[in-house]
Amino acid sequence: MGGWGLVVRRREIHRAPGERLLHLPHPAIAAHVSSYVAHDLPGTGPNSWQVTPLSVLTWVIDFEAPVRRSEAGGEIPDSPVLGLRDRPLVVAQAGVSRGISVALSPLGAAALFGIPLRELTNSVIAAAEVMPSGSLTERLAETADWPERFRLLDEYLVARLARGPALSAPVRYAWERLSAGPVRVDALADEIGWSRQHLNVRFREQIGLNPKTVGRIARLNRTMALLNRESSLSWAEIAYLGGYSDQAHLTREFRALSGCTPTEIGKPTGLFVAGGLRT
Numbered sequence: 000m001g002g003w004g005l006v007v008r009r010r011e012i013h014r015a016p017g018e019r020l021l022h023l024p025h026p027a028i029a030a031h032v033s034s035y036v037a038h039d040l041p042g043t044g045p046n047s048w049q050v051t052p053l054s055v056l057t058w059v060i061d062f063e064a065p066v067r068r069s070e071a072g073g074e075i076p077d078s079p080v081l082g083l084r085d086r087p088l089v090v091a092q093a094g095v096s097r098g099i100s101v102a103l104s105p106l107g108a109a110a111l112f113g114i115p116l117r118e119l120t121n122s123v124i125a126a127a128e129v130m131p132s133g134s135l136t137e138r139l140a141e142t143a144d145w146p147e148r149f150r151l152l153d154e155y156l157v158a159r160l161a162r163g164p165a166l167s168a169p170v171r172y173a174w175e176r177l178s179a180g181p182v183r184v185d186a187l188a189d190e191i192g193w194s195r196q197h198l199n200v201r202f203r204e205q206i207g208l209n210p211k212t213v214g215r216i217a218r219l220n221r222t223m224a225l226l227n228r229e230s231s232l233s234w235a236e237i238a239y240l241g242g243y244s245d246q247a248h249l250t251r252e253f254r255a256l257s258g259c260t261p262t263e264i265g266k267p268t269g270l271f272v273a274g275g276l277r278t
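Sequential numbering of the sequence shown, starting at 0, is according to numbering that gives the first Met the number 0.
Any given hint could be a false lead.
[Said to hold, decoys possible] Keeping only pairs whose Cα atoms sit at most 20 Å apart, straight-line, the calculated EDC-like set for lysine to aspartate or glutamate is: (1) 211 x 175; (2) 211 x 118; (3) 211 x 190; (4) 211 x 185; (5) 211 x 252; (6) 211 x 189; (7) 211 x 85.
[What the hints assert, rightly or not] DEER-style ranges, computed between Cβ atoms: (8) 150 x 89: 29 to 39 Å; (9) 233 x 143: 46 to 56 Å; (10) 195 x 143: 47 to 57 Å; (11) 147 x 73: 26 to 36 Å; (12) 251 x 183: 13 to 23 Å.
Rather than coming from a laboratory, the hints here were simulated on the basis of the structure. These numbers were taken from a predicted model, which means no experiment stands behind them. Yeah, the Cβ is synthetic: ideal placement off N, Cα and C, and Gly gets one too.
Just need the whole structure built from these sequences, with the hints factored in.
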């Protein structure tokens, strides 16, 4: 599920037209970084963005930062890092926005930031709090074009990630299994040779969410990909193929994790994905 960063409803994107460019990172860091999305959005009036919690942490490198505030009223800093979430995030934004969004797997975020990811769960903090990136931002902003910026970003991350700490092997294995498809947490604990309780504690410490929640988010990822790919399927068919017990279960999970129902997102192309899948 390395292809997901931010998901917002397409009608919200239409309210903020501008340039957006997807780029995949160097293959050497593909397990750590899902994608780069460059954006150059002109100044507009206030827009509200509802961001679905998905399977990557997001680092926004702001060259020009808009004014951003969360629904709760807190100011969102320039060049923020968004941790893994188990609930939607609503952001009000106004002004010019220009920069690059980097979608990081937990493996990449742990290596880059060097802290247990539980410290970032459901949080938005300034990147400066967890890494020295000011000189990189200046270099990227001063570079002439997006391809060269992506090359510089690859160069920086290849070097940084090689030196960073790694997830423990059992936790990484558990993350990859949950990402690949449905698996019961007790069965996963047996595979690793841990008790379910020990797996929950270690996984939450290093990833930031418990395995069951990560599995729910992974299932939502796969279902959203299915929405984009299979326009002719009924909602009942989508629920079945996505691993939900029925359409009502699908609707409840969508509402709980994304803040809206599947029909509000729409199909086949009612959502915008920044983080590895094209709109």
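Hints, one by one, checked against the model:
For a cut-off of 20 Å, the pair hint linking residue 211 to residue 175 stands: about 13 Å separates their Cα positions. Of the supplied pair hints, the one linking residue 211 and residue 118 holds, its CA atoms being roughly 19 Å apart against a limit of 20 Å. Of the supplied pair hints, the one linking residue 211 and residue 190 holds, its CA atoms being roughly 16 Å apart against a limit of 20 Å. Taking the CA atoms of residue 211 and residue 185, the gap is near 10 Å; set against the 20 Å cutoff, the hint holds.
Proposed proximity of residue 211 and residue 252 is supported: the alpha carbons are some 13 Å apart, at most 20 Å. Taking the CA atoms of residue 211 and residue 189, the gap is near 15 Å; set against the 20 Å cutoff, the hint holds. A C-alpha spacing of about 11 Å is found between residue 211 and residue 85, which places the hinted pair at or below 20 Å, so the restraint holds. For residue 150 and residue 89, the Cβ-Cβ distance of about 35 Å falls inside the hinted range of 29 to 39 Å, so the restraint holds.
At roughly 49 Å, the beta-carbon separation of residue 233 and residue 143 lies within the given 46 to 56 Å, and the hint holds. Residue 195 and residue 143 have their C-beta atoms about 53 Å apart, which keeps the hinted 47 to 57 Å range intact. In this structure the supplied range 26 to 36 Å holds for residue 147 paired with residue 73, their Cβ-Cβ distance being about 35 Å. One distance hint, 13 to 23 Å for the beta-carbon pair residue 251 and residue 183, holds here, with the actual separation near 20 Å.
In terms of the numbered hints stated before, the structure departs from none.
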